[in-house]
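There are 2 protein chains.
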Amino acid sequence: MIKTPYLLFLGDAPDALAAKVAQGIKDWRPENAIGQLRLAGCKADMGLPDMTLEEARAAGAETLVIGVANRGGVLSDLWRDCLLEALVAGFDLASGLHTLLRSYPDLVEVAQSHGRVLHDVRVPTVNYPIANGVPRTGKRCLAVGTDCSVGKMYTALAMDATMRARGMKATFRPTGQTGILITGGGVPLDAVIADFMAGSVEWLTPDNDPDHWDLIEGQGSLFHVSYSGVTLALIHGGQPDALVLCDEPTRPHMRGLPDYKAPSLEVLRETTLAMARVANPACQVVGISVNTQHFNETDALAHLAAVEDRMGLPTVDPFRQGADRLVDALAGI
Amino acid sequence: MIKTPYLLFLGDAPDALAAKVAQGIKDWRPENAIGQLRLAGCKADMGLPDMTLEEARAAGAETLVIGVANRGGVLSDLWRDCLLEALVAGFDLASGLHTLLRSYPDLVEVAQSHGRVLHDVRVPTVNYPIANGVPRTGKRCLAVGTDCSVGKMYTALAMDATMRARGMKATFRPTGQTGILITGGGVPLDAVIADFMAGSVEWLTPDNDPDHWDLIEGQGSLFHVSYSGVTLALIHGGQPDALVLCDEPTRPHMRGLPDYKAPSLEVLRETTLAMARVANPACQVVGISVNTQHFNETDALAHLAAVEDRMGLPTVDPFRQGADRLVDALAGI
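These protein sequence lines are chains A and B, in that order.
Position one of the first sequence corresponds to residue 276 (this note's numbering), numbered consecutively onward.
Position one of the second sequence corresponds to residue 276 (this note's numbering), numbered consecutively onward.
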C-alpha cells in the first residue's frame, strides 16, 4: 500500500488532460490529497493549495504522487530534480508512468540512502496465487464494456462513492495504475503473468461481510482482441454477483482496431453472463452505464431512455446523473 | 530457437511417465533425438541408442534436453554434475522444469565460460507486441477443450504429423514448455505478461502461404476459471479458421476445481465459436477429438460414434485412430 495523504505532483502539465491521474485522486479520494506541487509553466490546476515540499511534509503528506503524464517517455531534468528533493524531504514517490522510477539510478540511490520507497504501480509486487475458483463471502460487482476506455473505472468509482455516501459497505478494487494511485493499492492486472491473472483478482477481492460490495474496476473487453484474455480473467477471478454493462455509443470502431466493430449491448449481455455464470451461477446483469460525453443533454437523455426501453435495465450516465439507480439495482442481489 | 539434434537426458527417471517430455520428442520429432543419456537407476527407456556425452557430440548432438521431471523441485547433485559435464563437452542445455537452469550459479558460470546457452523454455525471451487483430494470410487450426489436459497438444501434433505425411504445408505451433522442447521453439504462453498474450500468439502464427496450416497448441479452457484468460487470448490472437473440440468424458469435475463441472460439447462449441468469430468471422468447428484412454476399445468406439451422431461432426480419438478424419475435415475451409 502507498502511504497517504499525498502531495500531487502536476509538474509542467501542458493542459488539464495531462493531469488526469491527479484529477482522479482529487475527484474520488479528496481526503488523500492535501495539496498540489506545480512547476513553472504548469497549465493544470486541481484547486488544491499550492505547497512546497516542506509545507506539504509539515501538513502531513507522506507520498509525492506523479499525477501527470510525462512527454516522450523520459523524466525531464526538471522533474527529476524535484523528485530527488522530495525523497530528501522525506516523501515516498508513487508513479504509474511507463518509465519506471526504479530505472533511474539516482532516484534509487537517494531513496535507499534516505529510507524512502519508490512505488511503480505498473509493476506487480505480490506473488499472486493460481485461482482456485472457491466461492467467497460478500458481494462483487464488475463493470464490463463493449470496448476499452468506455467508462468502466468511472462507473465503479461512482457506484462506490454513492454506496459509501449511503452508509453501505463498499470497496473500490482497482485493477489499473490510475485506480491504484487513487486508492493507494490494487492489482496492475495488465502486467500480471498470464497464469496468475485470475488468481490476482481472487486475491484482490477476498471473503468479506455478507452485505459488503466490492466494486471491481474492469479492464479491456471480451470483444477487444488485444486484451480480451485480461477481461475474462477478471470475470472468472472476480466471481461477480452483479454486472454493469458499459458503452460509448459514438465509436466508429473498437479502440485501436479499425476493422472491428463494437458488439451490441445485447450481445455483450448474453456473452458476458454466460461466461460469468461459469464462476458464479447466480450472476445477474443489473444495469447499464453509458458514456454520453459526445451528446448534448437532450440527446443524451433520449439515448439513455431508448437504451433503457430496449434493454429493460436501469440505464444512466453516472457522470451526468450519478450512480444512484445502478446502486438501487444491487438491492435485489 | 534451440539447436537440434538433441541428446535426451533421462536422468534417474523413476518410471516412464516421469520422462514424458523425452517421450514426446521421440514420438513427434524422432529426427531431433539421436540418443539418450541415462544415469544409474533410470527406469525409462525411449528405445534410442544409449550414448555418452562424447559419443553424442561426435554424432552431431547440439543440445542436451532434460526430458524428465525432477523430484522435489531441485536439481540433484547427480544431475548437476552431468549437466556441467555436458556444457564442458560442448552442449547447450534446454529445460522446461520449474526450477530454472539459470538459477544455479555454477551452471551459469560454466555456460558463460564455454560459450554455451541455457534454455529455460518456461521463460519468455521475446518482447512480444500488443495484438493488432489484423487478418493474416494462411490458415490456422486451434484445439480447444472442455477442460485442461484433455489432449489438445496431442491432437494438434497428430494433425500436424498426418498433414506433413500427406505432403501438406503444416506447422505445429507450441504454446507450452513440452511443445517448445519437442520442436525447438514457441511461446510459453502461461508465462507471458497479460497485455501481450494475444500479441504473442499473433507473433507465433504470422502470415504464411494461403494453403499453409498452423496447428496451434491449445491451453486451458474457456470454462476453467484458473486459466480461461489464457485460452481466450489464444482464440483472439490465433484467429483460427478451424476449431477442433477436445474432450475427456470420464472426468468427475474440472481439473483442480472439485466444484466445477465440465461443459457439454454443445456449450463448448457455441461459446468458443462466438468468441472466435470476433477475430475471424469465417471460423468453423470442423471436428471433435476425444481422449478415450479410460475406455476399452468397444466402449471407446461406441462413445465416439454416439458423439459423432449427436454433434454431426467427425469424432475420433487420434491416439487410437489417427487424425486423418480431422485433417480431411479441414479440406473445405
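Just so you know, the hints here were simulated from the structure itself, not pulled from any lab data.
Since the model is a prediction, treat every value here as computed from it, not as a measurement.
Any given hint might turn out to be false.
Unchecked claim - Covered stretches of chain A (in silico footprint by chain B; criterion: 3 or more residues with CB under 8 Å from a CB of chain B, positions within the stretch not fixed):
id, region
1, 339-352
2, 406-420
3, 469-478
4, 492-506
To be verified - Now the in silico label distances, taken between C-beta atoms and shown as ranges:
id, chain 1, residue 1, chain 2, residue 2, range
5, A, Arg441, B, Lys295, 55 to 61 Å
6, B, Ala440, A, Asn407, 38 to 44 Å
7, B, Met276, A, Ser378, 27 to 33 Å
8, B, Pro556, A, Ala549, 15 to 21 Å
9, B, Gly348, A, Val349, 38 to 44 Å
10, B, Leu375, A, Ser378, 50 to 56 Å
11, B, Arg441, A, Lys536, 23 to 29 Å
12, A, Lys536, B, His569, 41 to 47 Å
13, A, Asp381, B, Val392, 30 to 36 Å
14, A, Ile405, B, Val363, 47 to 53 Å
15, A, Asn407, B, Pro380, 33 to 39 Å
16, A, Asp381, B, Asp320, 31 to 37 Å
17, A, Pro556, B, Ser351, 55 to 61 Å
Cβ coordinates follow ideal geometry from the N, Cα and C atoms, glycine included.
The hints, checked one at a time:
1. Counting residues of the region 339-352 of chain A whose C-beta lies closer than 8 Å to any C-beta of chain B gives 0; at least three are required, and the coverage claim is violated.
2. Using a Cβ-Cβ cut-off of 8 Å, 5 residues of the region 406-420 of chain A lie near chain B, which meets the minimum of three, so the contact claim holds.
3. Only when three residues or more bring their CB closer than 8 Å to a CB of chain B does the claim for the region 469-478 of chain A stand; here the count is 5, and the claim holds.
4. Counting residues of the region 492-506 of chain A whose CB lies closer than 8 Å to any CB of chain B gives 9, which reaches the minimum of 3, so the coverage claim holds.
5. Separation of Arg441 of chain A from Lys295 of chain B is about 57 Å and conforms to the stated range, judged on CB atoms against 55 to 61 Å.
6. Under the hint 38 to 44 Å, the C-beta atoms of Ala440 of chain B and Asn407 of chain A, about 42 Å apart, fit the expected range.
7. As the Cβ distance of Met276 of chain B to Ser378 of chain A is approximately 30 Å, the hint placing it in 27 to 33 Å holds.
8. Between Pro556 of chain B and Ala549 of chain A the C-beta distance comes to about 20 Å, which sits within the given range of 15 to 21 Å.
9. In this structure the supplied range 38 to 44 Å holds for Gly348 of chain B paired with Val349 of chain A, their Cβ-Cβ distance being about 41 Å.
10. For the hinted restraint 50 to 56 Å between Leu375 of chain B and Ser378 of chain A, the CB-CB distance of approximately 24 Å leaves it violated.
11. Remark: the range hint 23 to 29 Å for Arg441 of chain B to Lys536 of chain A is contradicted by a beta-carbon distance near 38 Å.
12. A hinted range of 41 to 47 Å holds for the C-beta pair Lys536 of chain A and His569 of chain B, which are about 45 Å apart.
13. Between Asp381 of chain A and Val392 of chain B, the C-beta spacing of about 35 Å keeps the proposed range 30 to 36 Å intact.
14. The beta-carbon spacing between Ile405 of chain A and Val363 of chain B, approximately 38 Å, falls outside the hinted interval of 47 to 53 Å.
15. Restraint check, Asn407 of chain A to Pro380 of chain B: a C-beta distance of roughly 35 Å satisfies the suggested window 33 to 39 Å.
16. Taking 31 to 37 Å as the suggested C-beta distance range, the pair Asp381 of chain A and Asp320 of chain B does not conform, at roughly 59 Å.
17. At about 47 Å, the beta-carbon gap between Pro556 of chain A and Ser351 of chain B misses the expected band of 55 to 61 Å.
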